[in-house]
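K.L.:
Fit chain B to the given chain A structure using the hints.
Chains A and B supply the protein sequences, listed in that same order. Residue numbers for the first sequence follow the working numbering, beginning at 250 and rising by one. Residue numbers for the second sequence follow the working numbering, beginning at 385 and rising by one.
The hints are simulated quantities; they were obtained by calculation from the structure and are not laboratory data. Nothing here was measured: the structure is a model prediction, and the numbers come from that model. Check each hint, because a few of them may be wrong.
With the Cβ distance kept under 10 Å, some of the chain A side facing chain B (calculated, not the full set) [said to hold, decoys possible]:
(1) L283
(2) Q289
(3) C310
(4) P796
Beta-carbon label-pair distances, calculated as ranges [stated by the list, open to error]:
(5) B/R477 to A/T663: 36 to 46 Å
(6) B/D408 to A/R293: 22 to 32 Å
(7) A/G658 to B/R424: 36 to 46 Å
(8) B/W484 to A/L736: 48 to 58 Å
(9) B/P450 to A/L736: 55 to 65 Å
(10) A/V721 to B/P450: 40 to 50 Å
(11) A/V724 to B/W484: 44 to 54 Å
(12) A/R293 to B/P450: 51 to 61 Å
(13) A/P616 to B/R424: 53 to 63 Å
(14) B/P450 to A/R318: 42 to 52 Å
(15) B/E440 to A/T663: 32 to 42 Å
(16) A/A292 to B/R424: 21 to 31 Å
(17) A/D1136 to B/D408: 50 to 60 Å
(18) A/V724 to B/E440: 33 to 43 Å
Beta carbons are placed, not taken as given, at the ideal position from N, Cα and C, and that holds for glycine.
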Amino acid sequence: MPASPPPPPPRLARLLLEWVLPGDARSEALLGDLHEEFVQRAARRPVRARVRYTADALDICFRHLLARRRAAHPVSRHHGSDVMDTLTRNLRYAARRLARSPFFTLVAVTSLALGIGANTAIFSLFNAVVLRDLPLEEPDRLVNLYYADLGFSHGTYSYPDFVDIRAATTDVFEAMGGMQLAITQSVAGSSVEMLTTEAVTGEYFGMLGVGAALGRLFTPDDDVAPGAHPVVILSHGYFQRRFGGDPDVLGADMRLAGRTFTVVGVVEPRFSGSLRGLSPDIYVPMSMFEVVQPGADIFDERGNHSFFPMARLRDGVELPAVEAALGRIRDDLAARHPEDWRSTADLVVVPTDDVIMNPMVDRVLLPAFVLVMGVVGLVLLIACANLASFLLTRAADRRKEIAVRLALGARRRTLVGQLLTETLLIAMVGGAAGVTLAAWSVGLLLRADLPLPLPITVDASLDGRVLGFSFVVSVLAGILFGLLPALQGTRSELASTLRDETAGSGRGGAARLRDLMVVVQVAVSVVLLVGSGLFLRSLDASRRIDPGFGSAPAAVVEVMLPSALPDPERLALFDRVTDRIAAMPSVRSVGATTNIHLDPLNTSQARIRVDGVEPPAGEDFHTIDAARVDPGFFDAAALRIVAGRALEAADGDDPVVVVNEALARRFFDGNALGRSLDVNGLEVRIVGVAATARIRQLGEEPRPFVYRNLRAAAPTYVTVLARVEAGAAGATAQAVLDEIRAVDADVLVYRSETMERHLAVMLLPRELGALVISGFAVLALLLAGIGLYGVVSYAVARRAREVGIRLSLGAESGRVVRMLTAGGMKLVAVGGVAGLGLSALLGQLLGRLLYGVDALDPVTFTVVPLTLGLVALAAAWVPARRASRVDPVVALRAE
Amino acid sequence: MSRDGFLGEFEQMLLLAALRLGDDAYGTRLMEELDESVGRRVSRGAVYVTLNRLEEKGLLTSSSSPAEGNRGGRPRRVVTVTPEGRTELRRTRDALRTLWSGVGDALDSA
Chain A
250 MPASPPPPPP RLARLLLEWV LPGDARSEAL LGDLHEEFVQ RAARRPVRAR
300 VRYTADALDI CFRHLLARRR AAHPVSRHHG SDVMDTLTRN LRYAARRLAR
350 SPFFTLVAVT SLALGIGANT AIFSLFNAVV LRDLPLEEPD RLVNLYYADL
400 GFSHGTYSYP DFVDIRAATT DVFEAMGGMQ LAITQSVAGS SVEMLTTEAV
450 TGEYFGMLGV GAALGRLFTP DDDVAPGAHP VVILSHGYFQ RRFGGDPDVL
500 GADMRLAGRT FTVVGVVEPR FSGSLRGLSP DIYVPMSMFE VVQPGADIFD
550 ERGNHSFFPM ARLRDGVELP AVEAALGRIR DDLAARHPED WRSTADLVVV
600 PTDDVIMNPM VDRVLLPAFV LVMGVVGLVL LIACANLASF LLTRAADRRK
650 EIAVRLALGA RRRTLVGQLL TETLLIAMVG GAAGVTLAAW SVGLLLRADL
700 PLPLPITVDA SLDGRVLGFS FVVSVLAGIL FGLLPALQGT RSELASTLRD
750 ETAGSGRGGA ARLRDLMVVV QVAVSVVLLV GSGLFLRSLD ASRRIDPGFG
800 SAPAAVVEVM LPSALPDPER LALFDRVTDR IAAMPSVRSV GATTNIHLDP
850 LNTSQARIRV DGVEPPAGED FHTIDAARVD PGFFDAAALR IVAGRALEAA
900 DGDDPVVVVN EALARRFFDG NALGRSLDVN GLEVRIVGVA ATARIRQLGE
950 EPRPFVYRNL RAAAPTYVTV LARVEAGAAG ATAQAVLDEI RAVDADVLVY
1000 RSETMERHLA VMLLPRELGA LVISGFAVLA LLLAGIGLYG VVSYAVARRA
1050 REVGIRLSLG AESGRVVRML TAGGMKLVAV GGVAGLGLSA LLGQLLGRLL
1100 YGVDALDPVT FTVVPLTLGL VALAAAWVPA RRASRVDPVV ALRAE
Chain B
385 MSRDGFLGEF EQMLLLAALR LGDDAYGTRL MEELDESVGR RVSRGAVYVT
435 LNRLEEKGLL TSSSSPAEGN RGGRPRRVVT VTPEGRTELR RTRDALRTLW
485 SGVGDALDSA
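So here's chain A without its partners, still in its complex pose (with noise of 0.2 Å):
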């Protein structure tokens, strides 16, 4: 085995050292040295080689600042005039008094880290999701299209009507294209590969104005007939990890979906297909969209809506233009084609500044990044109360230096600089660990293998703007949080505190703020601690739906069977396909279904009419989901038969279906069997009633179904569902893939998974919700925790000769604990209460993403004040206990 190459050092650190060292040969040596060091250590222990390397690029880089400064001005250090020497001053006095409490520094920096990088992980999501703006040419001309109708407010065009109404408003447009997604298999050697591809009218590229990195990008004259002309451009990603940036891939052989393809080009890096979060790896020509995606019947078919139509507006047109010439184009569509434009349809229109990803999607991915801001927010107001509260101790323990310093003359903007300097030195380490662990976690987390239906790829890396966004902030919780204390430090009342202080009983306006501090701390995290039970009770709640079938391991394999070839022998490859799977030995039944529950990618819908029973108003027909299946597909998919009988070979290509509950129920008040019903204009017979499955989620109201029967027309896109022995579900999705390879190379693979597998796509947004929501809540939970201990600590520290006379004069230890516990228990006491009623109040703004579970769930509201209580017990216990077992003598004297 080869050995792999050693990592790259740390970029950031790296990139540092080269902007701020000068260049010449000898920068260059250093970061050759500390490169040889890095890989030697790296080898080892490659956490500890990037921390050093890290470190030491920070040493060096501030050491030769200094350096250059002396150079530059070799008086000005001894007399410190200046404002860059009075910080240098305050840092460096700020590094000593910092490294001198490294207790206290770990904390306050690992409390801000962790507040900081939680945001800065949030935002990098939220920069790359939203606010990343598409590289296009005077995007305030273009516009995206939709098509609105049966409840999709904002839905894509059939690749028909496209044409026309690019034929129809060429007054408003400049240009109209689009572009349809597909997955292409493509084979080099023995490696098979699925490739996300757009493909593209021939104006696309041309209206978004985008250019080329290589080679030339699709114009119209790429986009004719259909399967004619099989070119292909590849995004600069799949350039890159596919052919290693190599120019001499144009011109070059492709095979996909059993074509040859040639490279005619390669997109600038920056574009990356426009639908974000989808970057695609290739772009075909729209016209060979039937080619990658075989079996799709696009340029004809009008009730088939899947095109992402987008067009760039003239000079000076307006939006009221565009809606008038779409409304009229609409009208004349409807009119001429009646049975697919329906009176309800609309075109609608959206500036393409204006759409993250489709506004129907906005209006969800909006409101769950505000909250998840919301809830990553209050976990840094914690952090940043731990650090006041922090700050204001230390504050405290200096008052007596304090009082000196200022009765001796010096200004208070001095004293005050110095400490706001000390805050902002923590504040910036800790920012500078933050972005590390955001940088480090958000990568942890979009390399996961989640069970996404379609490839998402976000690039969240970190750019200016997200570095500026921490960078501010941690400027910000420094100042904010730091003056307050700094001030309060530094108040000049000399003689009380010369006076008080020397008391030790001092409960001033530090201590107070404290304690509000504690109890804001305690309630936020109640909050987030609620908001986490609700999570996982809904989620719980999710789990525990039966989705009616699938109960049974088995593997699920998406095959599309190429439709160039007729349907009899097309069957016959089915058939072959299917065989072959049963033989295997893990295999106890195989079936196939056209439309698999709970794929939200898929649905597909019949119209049917039933005697006797009126459809929609302005309807003909019952719009109902439907799929067609194969005999096997009742058992493989563990789907329960309840009255009557599956389907069976024997039936051949007769007329009969199978019902589910709520179709026989809501169209033949529950008595089903045996009649007859108009399918798609195709009179057919119920001979079984199947349970009721959940078709498109898993919290969803009984939707009627209808399972046809898969032989009457001969499959292209189909799911083979192969039922396997416990445990056999992962190792047989692989081996079936095999299988259907050796049977015809030409049969193009989807995917290949387990039922389980399947079934987890429809949990994924609760799990990552309960995951994200909890883990900060836990977090949110520890750092409480340390606050109340930091008070506890510093109240008994202050209160050390008290409980000195008291052990001496005969006091118990245990009620010496229990009264130091009780002052910080009752400020959590306060903040419970005042969080369990927050939380009651937002709980309600919750409602509509919580499934199975009320907003005022008894249990969460139970469990989260008992959880809270235990961990601020013992919080508050641990430094309680440890001031009962001091020697009273030791305490006393101590003053």
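P.N.:
Here is chain B on its own, set in the frame of chain A:
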């Protein structure tokens, strides 16, 4: 070069280590040498800044030797003590010797 002051302690250490290492005197080796021979651990930044200062004072010269090993393709900077550097070292050593002479008894009996 004639100066009023003497070499600082760290400057001396670096110059001496450079003399001992000869052709092998570059950043990482200098740090190792100080650690191995006198148990002094120093930061790379301190070495870098001090070497620069010594070079600007004319006590050292440095030359780049081409990249070898795993250095991210960057050269190595080998330092050589100049005649002025040797002179300064001698001057500092002599000054210290003078001060040390006769102190031995007083130091050991304390």
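K.L.:
Hint numbers the structure violates, sorted upward?
P.N.:
Hints 4, 12 and 14 contradicted; others consistent.
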